[in-house]
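**Q** Sequence:
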Amino acid sequence: MGEKDITQKNFEAYNDVVADIVNGSLFDGQERIKAESLVDAQPFSQYKADDGTIHELERDVAKYCMDIKCNLRLALVGFENQIAIDLDMPIRVFGYDGVSYRDELNQDKIVIDKATGKKRKIRNRRYPVITLVLYFGKTPWKKPLCLYDVVDVPDFLKPFVNDFKINLIDVPRLTPEQVKKYKGDFQIIADYFVQLNSGKRYIPSNKKMQHPDSLLKLMSVLTKDIRYAECVGNTASEMEGTSMCEVLDKIVAEGEARGEARGEARGEARGEARGEARGIEKTKTEMVLNMLRENLSVEMIARIAKLTVEQVMAISKKAAVL
Numbered sequence: 001m002g003e004k005d006i007t008q009k010n011f012e013a014y015n016d017v018v019a020d021i022v023n024g025s026l027f028d029g030q031e032r033i034k035a036e037s038l039v040d041a042q043p044f045s046q047y048k049a050d051d052g053t054i055h056e057l058e059r060d061v062a063k064y065c066m067d068i069k070c071n072l073r074l075a076l077v078g079f080e081n082q083i084a085i086d087l088d089m090p091i092r093v094f095g096y097d098g099v100s101y102r103d104e105l106n107q108d109k110i111v112i113d114k115a116t117g118k119k120r121k122i123r124n125r126r127y128p129v130i131t132l133v134l135y136f137g138k139t140p141w142k143k144p145l146c147l148y149d150v151v152d153v154p155d156f157l158k159p160f161v162n163d164f165k166i167n168l169i170d171v172p173r174l175t176p177e178q179v180k181k182y183k184g185d186f187q188i189i190a191d192y193f194v195q196l197n198s199g200k201r202y203i204p205s206n207k208k209m210q211h212p213d214s215l216l217k218l219m220s221v222l223t224k225d226i227r228y229a230e231c232v233g234n235t236a237s238e239m240e241g242t243s244m245c246e247v248l249d250k251i252v253a254e255g256e257a258r259g260e261a262r263g264e265a266r267g268e269a270r271g272e273a274r275g276e277a278r279g280i281e282k283t284k285t286e287m288v289l290n291m292l293r294e295n296l297s298v299e300m301i302a303r304i305a306k307l308t309v310e311q312v313m314a315i316s317k318k319a320a321v322l
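Going by full-length UniProt numbering, 24 is the number at position 24 of the sequence shown; the sequence numbering is gapless.
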């Protein structure tokens, strides 16, 4: 599993994040799904192929939505994260949903009636399955949006082939008004991608983060800028309630501090190097002057001091002036 997949799943594992994404994407921001009504669902589903072998499908994120009052399961909500256009996505989602419905059938039980000794089937309640595809890629996802975009269905067969549609959220192409429908941390992620897609300079908001550790690590992976993850460090709990604006201020401040430290280090190194060079130059000059006082030839002095004749003459003239 790639780093990007892991960070996205970690971020979307929070119930409030899932509820916010569903409410903002499907219900115009109305709180139809509450965070406290969500419980983790098994992301793995198994199915038997025509050859009898067992295969396994894995969703990125899966949650059961429960009726809080009577603890009844209302729906299964699944997420699929994409950074590239998948031309078979309608078929994949169709498969995920189909296997989830199959799992519902498998929950039925066969019991033996104590009075009659006969077997009878206890049929569990059926519930809907909803899958959202969250797309973060640079290229607009125009197709495929339904089964007909993938499968070549002749017109005379269309009345008999259900055109399965996917719930695609093309995050970078959301409007600013749509972004505002998200109330939690996902609004910060969506806002970043929308601004990036507009070609304008990113201006972070003052919205407070609820899950800074997961959010900033995801930002670090999505933007390929390790500074977001470094900004968290060991202070994740302390950063709760901070904004992306404050995070960028911290990143800039740390960058400036590093720059100053590097500048000082380079300055010290350059100073030492210049000092050494000047010391060597002074020693060599004194050596040349001593040899001149001994009336050695300019050519001999140049050879011993590893200088040119012109350099020796220059030292001699400078000494005469002094």
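It is possible that part of the hints are untrue.
[Claimed, not checked] The calculated DSSO-like cross-link candidates involving lysine-lysine, where the alpha carbons are at most 27 Å apart (straight line), are:
(1) 158 with 138
(2) 158 with 9
(3) 158 with 180
(4) 208 with 181
(5) 317 with 284
(6) 200 with 180
(7) 109 with 138
(8) 142 with 165
(9) 119 with 180
(10) 306 with 9
(11) 138 with 9
(12) 200 with 142
(13) 306 with 317
(14) 183 with 158
(15) 165 with 9
(16) 121 with 142
(17) 142 with 34
(18) 165 with 200
(19) 306 with 284
(20) 207 with 138
(21) 306 with 34
(22) 318 with 284
(23) 165 with 181
(24) 200 with 138
(25) 9 with 207
(26) 224 with 183
(27) 181 with 34
(28) 183 with 9
(29) 165 with 138
(30) 181 with 142
(31) 318 with 306
(32) 114 with 143
(33) 208 with 180
(34) 143 with 119
(35) 158 with 181
(36) 180 with 224
[Claimed, not checked] FRET-style restraints, in silico, Cβ to Cβ:
(37) 157 with 108: 31 to 41 Å
(38) 91 with 154: 34 to 44 Å
(39) 27 with 197: 19 to 29 Å
(40) 121 with 248: 56 to 66 Å
If you're looking for bench data, these hints aren't it; they were derived computationally from the structure.
In this text, a Cβ means the ideal position worked out from N, Cα and C, and glycines have one as well.
**Q** Tell me if the straight-line CA distance from residue 200 to residue 142 falls inside 27 Å.
**A** holds, 23 Å
**Q** Mind checking the alpha carbons of residue 181 and residue 142 for me, to see if they're no more than 27 Å apart?
**A** holds, 22 Å
**Q** Given the hinted pair residue 158 and residue 181, is their Cα-Cα distance within 27 Å?
**A** violated, 36 Å
**Q** Measure nothing beyond the straight line between the CA atoms of residue 119 and residue 180; if it is 27 Å or shorter, mark the hint as holding.
**A** violated, 55 Å
**Q** Given the hint that residue 208 pairs with residue 181, does the C-alpha gap stay at or below 27 Å?
**A** Given pair residue 208, residue 181 holds - Cα atoms ~16 Å apart, limit 27 Å.
**Q** Residue 9 and residue 207: Cα distance at most 27 Å?
**A** holds, 22 Å
**Q** For the pair we were handed, residue 114 and residue 143, check the Cα-Cα distance against 27 Å.
**A** Between residue 114 and residue 143 the Cα gap is close to 56 Å, so the pair fails against 27 Å, i.e. violated.
**Q** Between residue 91 and residue 154, does the C-beta distance stay in 34 to 44 Å?
**A** Since the Cβ atoms of residue 91 and residue 154 sit about 18 Å apart, the hinted range of 34 to 44 Å is violated.
**Q** Within 27 Å, alpha carbon to alpha carbon, are residue 318 and residue 284?
**A** holds, 14 Å
**Q** Compare the distance between the alpha carbons of residue 165 and residue 200 with 27 Å, and conclude whether the hinted pair is satisfied.
**A** Violated - the C-alpha atoms of residue 200 and residue 165 are around 33 Å apart, more than 27 Å.
**Q** Between the alpha carbons of residue 306 and residue 9, is the straight-line distance 27 Å or under?
**A** violated, 68 Å
**Q** Hinted pair, alpha-carbon criterion (27 Å max): residue 318, residue 306. Please report holds or violated.
**A** holds, 19 Å
Of the numbered hints listed earlier, those contradicted by the structure are 1, 2, 3, 7, 9, 10, 14, 16, 17, 18, 21, 32, 34, 35 and 38.
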